[in-house]
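Q: Sequence:
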Amino acid sequence: VFAHLDATTVLNRSIAEKGIYPAVDPLDSTSRMLSPQIVGEEHYNLARGVQQMLQKYKDLQDIIAILGMDELSEDDKLVVERARKIEKYLSQPFHVAEVFTGSPGVYVTLDETIEGFKGLLEGKYDHMNEAAFYMVGSIAEAVAKNDKINAK
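Here this note's numbering is used: the first residue of the sequence shown is 3, the next is one more, and so on.
Accuracy of the hints is not assured; some may be wrong.
[As the list claims (entries may be wrong)] Derived pair list, reagent style DSSO-like, types lysine-lysine, alpha-carbon separation capped at 30 Å: (1) K150 with K79; (2) K120 with K150; (3) K147 with K120; (4) K126 with K58; (5) K58 with K147; (6) K58 with K120; (7) K20 with K126; (8) K60 with K126; (9) K60 with K147; (10) K20 with K58; (11) K79 with K126; (12) K60 with K20; (13) K79 with K58; (14) K79 with K147; (15) K79 with K60; (16) K120 with K20.
Quick caveat, the hints were computed from the structure, so don't treat them as lab data.
All chains should be built: construct the whole structure from the sequences, respecting the hints.
A: Here it is as structure tokens:
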């Protein structure tokens with residue numbers, strides 16, 4: 003049906019139910035522009051790495067629902083922790099949504115975005131609280147928010 007489009011953006015109710023906006027599903031959304039020739043190797047590899055991490059997390063959902071987190075291997079627990087942080091980091095404080103969210107809109111450069119997701123995939127922020135990644139712009143804002151959370 004949509005074969006003629008360059009991109010499809012899929013909104014997902016379960017993502018919205020988590021309070022993550024925009025509720026774009028990064029696993030079902032596609033773009034022909036996401037190729038190494040267009041966005042560069044690093045951007046492409048990080049985007050695919052994020053998708054793989056989120057897919058692994060999605061695959062673990064049934065196990066978590068039936069057996070709980072305690073029954074997961076240490077590697078799987080790490081996947082879940084990183085994927086949940088990535089989900090939160092995908093939330094975005096938009097300028098146009100400021101009146102609805104109460105959060106000021108933020109512009110984040112592509113380089114800052116790539117840096118943030120690279121650090122998340124590599125485990126650089128494993129020590130941080132998951133809530134620190136919700137509705138922040140850059141990874142520096144997430145670090146500052148984490149410091150505030152830990153100060154309480």
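Q: Under the constraints set out in the numbered hints, which ones does this structure not fulfil?
A: Checked against the structure, no hint fails, so every one of them is satisfied.
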